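Number of protein chains: 2
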Amino acid sequence: MAFVNENFLKLQANYLFADIAGKVKAYKEACPDAEIISLGIGDVTQPLCPAVCEAIRKVADEMSSSPGFHGYGPEQGYAFLREAILKNDFLPRGIDLCIEEIFINDGAKSDTGNIQELISSDAVIGVTDPVYPVYVDSNAMNGRTGEKDARGRWSNVTYLPCNAENDFIPKLPDRTIDVIYLCYPNNPTGTVITRAELQKWVDYALENDVIIFYDSAYEAYIRDAEIPHSIYEISGARKCAIEFRSFSKTAGFTGVRCGYTIIPKDVTAKTRQGGSIALNPLWLRRQCTKFNGASYISQRAAEAIYTPEGKAQIRSVIDYYMHNADLMVSTLRGLGFDVYGGENAPYVWMRTPADISSWQFFEDMLLGANVVCTPGAGFGPSGEGYVRFTAFGTHEKTAEALRRISEWTEDLRNN
Amino acid sequence: MAFVNENFLKLQANYLFADIAGKVKAYKEACPDAEIISLGIGDVTQPLCPAVCEAIRKVADEMSSSPGFHGYGPEQGYAFLREAILKNDFLPRGIDLCIEEIFINDGAKSDTGNIQELISSDAVIGVTDPVYPVYVDSNAMNGRTGEKDARGRWSNVTYLPCNAENDFIPKLPDRTIDVIYLCYPNNPTGTVITRAELQKWVDYALENDVIIFYDSAYEAYIRDAEIPHSIYEISGARKCAIEFRSFSKTAGFTGVRCGYTIIPKDVTAKTRQGGSIALNPLWLRRQCTKFNGASYISQRAAEAIYTPEGKAQIRSVIDYYMHNADLMVSTLRGLGFDVYGGENAPYVWMRTPADISSWQFFEDMLLGANVVCTPGAGFGPSGEGYVRFTAFGTHEKTAEALRRISEWTEDLRNN
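Residue numbers (this note's numbering), protein chains in the order written: chain A, -4 to 410; chain B, -4 to 410.
Keep in mind that the hints were calculated from the coordinates and are not lab data. Hints are supplied without guarantee of correctness; some may be wrong.
Since the list gives no way to pick out one identical chain from another, each pair is judged satisfied if it fits inside one copy or across any two copies.
Capping the alpha-carbon separation at 20 Å, the derived lysine to aspartate or glutamate pairs in EDC-like fashion look like this [said to hold, decoys possible]: (1) K82 / D350; (2) K260 / E1; (3) K265 / E1; (4) K53 / E338; (5) K5 / E112; (6) K20 / E95; (7) K234 / D144; (8) K265 / D204; (9) K53 / D117.
Values in this document were obtained by computation on a predicted structure and should not be read as measured data.
Same shape as in the complex, but just chain A (with noise of 0.2 Å):
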């Protein structure tokens, strides 16, 4: 008798952005004529750049033809692929990577969400909070975060409280952690982490013998030359840090789906017995055996965003949403709004007026602007009293969201 795995039960029964989606469309179907714009889902609107379109329309003609063809390729993703990363993310940081440390895939999510498979059953997790929702609910459905509370919490899941009081700098844990979660430029507060308070970190996991994962997704968002793109450009994060990057926002993939995990081999984790495991072969056999391998169309297309041409359209894409962002934190400040983040990220975080709920302003402002935004409590208990905005908009839809929040705000003070 087949049993289902029943920690599966205890998770909300939505994904956060389902949930949402699925409130806008119920809007949408009793409003048939709003016309609705979403700063919600941190989705990409502007068309691939032309050397992307130009790889992909490359492997078309190459595939037609019996030399041009490939198959099956290296589960970990092709050599072109992995050397252009080497050569343009890492080295030119001083950051000493071998190609078999880089592990090419479908995007971020997925190895987000799988590389806890990784460690023991029985591992505490720590999440920065508020905290991309993958990290937690992916451990959910292992079994690992134990019980939830009226709050939302887990019971087994280490909190580090990310808000405007302590400056959205999450404080060591003072539990026994064995994994840390750590997303710089955050998802979803936007705001960024000096090379000091992560080599804190990194020391900190050296210590006590905890891996970080640190998600980098957002890296090329960082204007300031002060921050770190890389944890590997912390001293010793080599021994306890895996990485995560994705092509979704550095070059509008969302839709092409393609992103590369970083697994030094120095990075270890313990037996029972006393032992020290590395962990990048044992990701190389978790993939070879349920993953086959990134869309070789996607990895050509991600190449091509290493080209000089290739670089400079996505940098201008880039600085498109970047123009966003600082209209939205003038705009929201100007309105009187708490505003966070936007300055090395593409997302803005907003405190909700007067204690209001963060779905309430969710649903408040859908109603009264028709503009979509993220409830920071989607994102965990320390988001509550915050909303998200993306940068990813349009200009042109951007600019008119922001006049409508403008009147909306106004009407209310009004009244």
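Go by the hints and put chain B onto chain A.
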């Protein structure tokens, strides 16, 4: 202190095909002049068909402009593809599914590897033996398979031997199991299952609350009209079976990465409290959390194989490969080998002569004929004494490989 998931340490170091690739590479390095022909890994060689290439070019054009850009798609896949699947692969066979029961993925390996996450970690799995290694290895990583004995058999897996002695028809298990993996047309044996035999399995599953994971990745190779293409052709299967399909072998998508999984809403698993839980919404939750949808490019490419041109084009490639299968079966039989499969499947399963072990035969033939096969023992204990040949080569290389095998076999006989 982070402990490793020690279940990984019980696995053999390499995934089967990585192991074979390593041995072939070592031989190539030792004999750089050898021109090796691989009939080993089941990878296709013919170009993508014109309809598919055209669809890929069209996506490149579409994604190069704002109105045509596609970012995140639904995690379960675009409706355009799910509708095409329903209309072409199921409705004509009298199978009535709804599109919420179809989940697009990046290839069947991912889903056949991940599906076990839905089931409790103490479930007992049954597999036909020999078997596609992913089924067992993915369960071993989760800790479900117990300990491995000297023959490579896991203590908590029920093996159902399929060999020449029982005409490759697995017996119903004589101990309690919770989940059974069935793959037809079979990888690796190339044998098929009749409606009557499959009905026995469905009846058994319904009587014993067993879930069937049915892999029909090779259904497009069935030539005999009496053989079922889908388990849903069998009465009652909607209540107990999940089916995996792939475009890899149907349309040469091993590099493009797209497939799909059917989870009827009627398939349930039990809770410890005696309740029943539908697996369809659980899988949606799993996919929304750990997967971000297959590439939009790959989904549009897959859609193209359902056009009239696409259908004709992929049919002619399948016929091309089956011509190889016919040649392999007749040549190898002519040489006096015992040969199975290859009639409704792209795999030919051959008994090794004179009780030579399958790895020994693999090495002998690599050295003697410079032809690569897959050792049957790599697929499980009952694969010992057999090797697998695939029909996915070109006509020229397949004919040349068979010529060399003939010559090598005769040399052996004369010495």
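Exercise. Using 20 Å as the alpha-carbon threshold, which applies to K265 and D204: within, between, both, or neither?
Worked result: Cα proximity of K265 and D204: one copy only (8 Å, versus 39 Å across).
Exercise. Should K53 paired with D117 be assigned to within, between, both, or neither, using CA atoms and 20 Å as the limit?
Worked result: neither (48 Å within a copy, 48 Å between copies)
Exercise. Checking K53 and E338: alpha-carbon separation at most 20 Å within a copy, between copies, both or neither?
Worked result: Neither. Shortest intra-copy (37 Å) and inter-copy (37 Å) distances fail the 20 Å Cα cut-off.
Exercise. Taking 20 Å as the upper bound on the Cα-Cα distance, should K5 and E112 be classified as within, between, both, or neither?
Worked result: both (19 Å within a copy, 15 Å between copies)
For this session: Since the copies are identical, ignore which copy is meant and state whether K234 and D144 lie within 20 Å (CA to CA) inside a copy, between copies, both or neither.
Result: neither (35 Å within a copy, 35 Å between copies)
For this session: Tell me, please, which holds for K265 and E1 at an alpha-carbon limit of 20 Å: within, between, both or neither?
Result: between (28 Å within a copy, 9 Å between copies)
For this session: Can you give me the call for K82 and D350, within, between, both or neither, at a CA distance of at most 20 Å?
Result: neither (48 Å within a copy, 51 Å between copies)
Exercise. What label fits K260 with E1 when the C-alpha limit is 20 Å: within, between, both, or neither?
Worked result: Result: close only across copies, 18 Å inter versus 35 Å intra.
For this session: Go through the copies and call it for K20 and E95: within, between, both or neither, with a Cα cutoff of 20 Å.
Result: Between copies only: 17 Å across, 45 Å inside.
Comparing the model with each numbered hint stated earlier shows that hints 1, 4, 7 and 9 do not hold.
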